[in-house]
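Taking the hints into account, I'd like the entire structure generated from these sequences.
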Amino acid sequence: MIFWSIVPEDVVFNGWEDKLELQEISYMGKTLSVRSGMKGSASVERILSTDPKDFLRKEFNPGNKIPFLS
Amino acid sequence: MICDFKTYKWGAVNEVNPEPDDENGENNPNNDDTSKEDKSQNIKELGQSSVPDLISDLHIISVIGQVEGHLVMPNQNKTTKYEHIIPQLVAVEESKDIKGLIIILNTVGGDVEAGLAIAEMIASMAKPTVSLVLGGGHSIGVPIAVAAKHSFIAPTATMTIHPIRLTGLVVGVQQSFDYLERIQDRVIGFVTTHSRISEKKFRDYMMNTGDMARDIGTVVEGKDAVKCGLIDEIGGLSDALAYIHKTIEAKGVEK
Numbered sequence: 001m002i003f004w005s006i007v008p009e010d011v012v013f014n015g016w017e018d019k020l021e022l023q024e025i026s027y028m029g030k031t032l033s034v035r036s037g038m039k040g041s042a043s044v045e046r047i048l049s050t051d052p053k054d055f056l057r058k059e060f061n062p063g064n065k066i067p068f069l070s
Numbered sequence: 071m072i073c074d075f076k077t078y079k080w081g082a083v084n085e086v087n088p089e090p091d092d093e094n095g096e097n098n099p100n101n102d103d104t105s106k107e108d109k110s111q112n113i114k115e116l117g118q119s120s121v122p123d124l125i126s127d128l129h130i131i132s133v134i135g136q137v138e139g140h141l142v143m144p145n146q147n148k149t150t151k152y153e154h155i156i157p158q159l160v161a162v163e164e165s166k167d168i169k170g171l172i173i174i175l176n177t178v179g180g181d182v183e184a185g186l187a188i189a190e191m192i193a194s195m196a197k198p199t200v201s202l203v204l205g206g207g208h209s210i211g212v213p214i215a216v217a218a219k220h221s222f223i224a225p226t227a228t229m230t231i232h233p234i235r236l237t238g239l240v241v242g243v244q245q246s247f248d249y250l251e252r253i254q255d256r257v258i259g260f261v262t263t264h265s266r267i268s269e270k271k272f273r274d275y276m277m278n279t280g281d282m283a284r285d286i287g288t289v290v291e292g293k294d295a296v297k298c299g300l301i302d303e304i305g306g307l308s309d310a311l312a313y314i315h316k317t318i319e320a321k322g323v324e325k
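These protein sequences, in sequence, are chains F and D.
Read in our numbering, the first sequence has 5 at position 5, and its numbers run on one by one without any break.
To convert a position in the second sequence, counted from 1, into our numbering, add 70.
Fair warning: there could be bad hints in the mix.
[What the hints assert, rightly or not] The calculated PhoX-like cross-link candidates involving lysine-lysine, where the alpha carbons are at most 25 Å apart (straight line), are:
| id | chain 1 | residue 1 | chain 2 | residue 2 |
| --- | --- | --- | --- | --- |
| 1 | F | 30 | D | 166 |
| 2 | D | 271 | D | 293 |
| 3 | D | 169 | D | 151 |
| 4 | D | 151 | F | 65 |
[To be verified] Derived DEER-like restraints, expressed as beta-carbon distance ranges:
| id | chain 1 | residue 1 | chain 2 | residue 2 | range |
| --- | --- | --- | --- | --- | --- |
| 5 | F | 29 | D | 225 | 41 to 49 Å |
| 6 | D | 126 | F | 29 | 24 to 32 Å |
| 7 | D | 293 | F | 41 | 42 to 50 Å |
| 8 | F | 23 | D | 237 | 28 to 36 Å |
| 9 | F | 67 | D | 274 | 52 to 60 Å |
| 10 | F | 48 | D | 196 | 42 to 50 Å |
| 11 | F | 9 | D | 318 | 35 to 43 Å |
| 12 | F | 15 | D | 205 | 22 to 30 Å |
| 13 | D | 144 | F | 51 | 27 to 35 Å |
| 14 | F | 10 | D | 293 | 27 to 35 Å |
| 15 | F | 43 | D | 306 | 17 to 25 Å |
| 16 | D | 145 | F | 51 | 24 to 32 Å |
| 17 | F | 9 | D | 273 | 17 to 25 Å |
Read the hints as simulated data drawn from the structure, not as lab findings.
Given the structure is predicted, the values throughout are model-derived calculations rather than measurements.
Glycine residues also receive a C-beta, built at the ideal position from the N, C-alpha and C atoms.
Written out as structure tokens, the structure reads:
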């Protein structure tokens with residue numbers, strides 16, 4: 001990756017080694033890759049779909065919180 | 071652990087349905103059963119019977135923080151994810167309901183190839199597009215800003231133009247430097263073809279030594295960005311909206 005930004009590299013890549021744990025869930029009939037958070041919720045990391053419609057839906061926007069019942 | 075949320079009743083639904091009515095039977099009178107099925111599916115999954123009315127015929131993409139590409143950035147970064155933006159642009163271009171696209175930029179830079187991919191996608195769209203730079207449109211934000219058919223910049227906004235250089239992620243050998251030089255040429259090529267700035271001026275800005283305290287490059291303010299031809303006009307939200315509505319109308323008349 002070629003990185004081009006005004007923010008210093010050490011600020012951006014701080015915590016690079018932290019392991020990112022993603023889970024795949026089925027939500028509203030679609031498969032999402034989510035990052036699980038506090039209190040049984042999860043935030044959308046990305047949607048795994050080939051349907052362009054899905055990318056306009058706000059509940060599938062990256063960062064959107066969804067209730068996650070484990 | 072895999073959870074199935076199919077039966078979860080969720081209040082929010084999509085704002086825009088990019089391919090309306092095809093499945094709902096309007097185009098196909100024999101499709102009544104599917105239409106009913108769709109409705110009950112909506113009730114089951116979304117908690118309501120129909121998709122809500124369209125509020126606007128514009129779609130807005132805000133490019134904030136870092137442009138995130140092939141690598142997931144650590145948690146403290148706000149990012150714009152290209153794997154979401156690119157299919158979204160496809161949906162916008164395909165949609166019958168969306169007539170125009172507004173790109174709002176307040177970005178600090180990021181992955182060059184992801185940024186260029188977004189910029190190329192925007193530049194190749196047939197629908198009216200307008201960009202508005204607020205706050206900052208730095209580094210890779212520059213090609214994204216000029217990719218739209220018309221660009222605006224707020225008077226207080228700035229754009230930083232500086233050289234692309236090696237990071238710890240790339241091996242520091244001669245070949246890397248050559249490759250970097252070529253990437254830089256691609257970025258410059260894109261910016262100069264999609265704006266009125268000359269290649270010489272852009273390179274001068276990029277290699278300027280007097281402007282930034284600990285770095286080479288130039289911080290271009292709103293007025294200067296218009297003066298050098300990088301951005302088309304000084305303006306704000308109302309200007310961008312007025313421009314896009316005017317373009318949509320003109321397009322409608324043509325048809």
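| request: Tell me, in ascending order, the numbers of any earlier hints that this structure violates. | output: 10, 15
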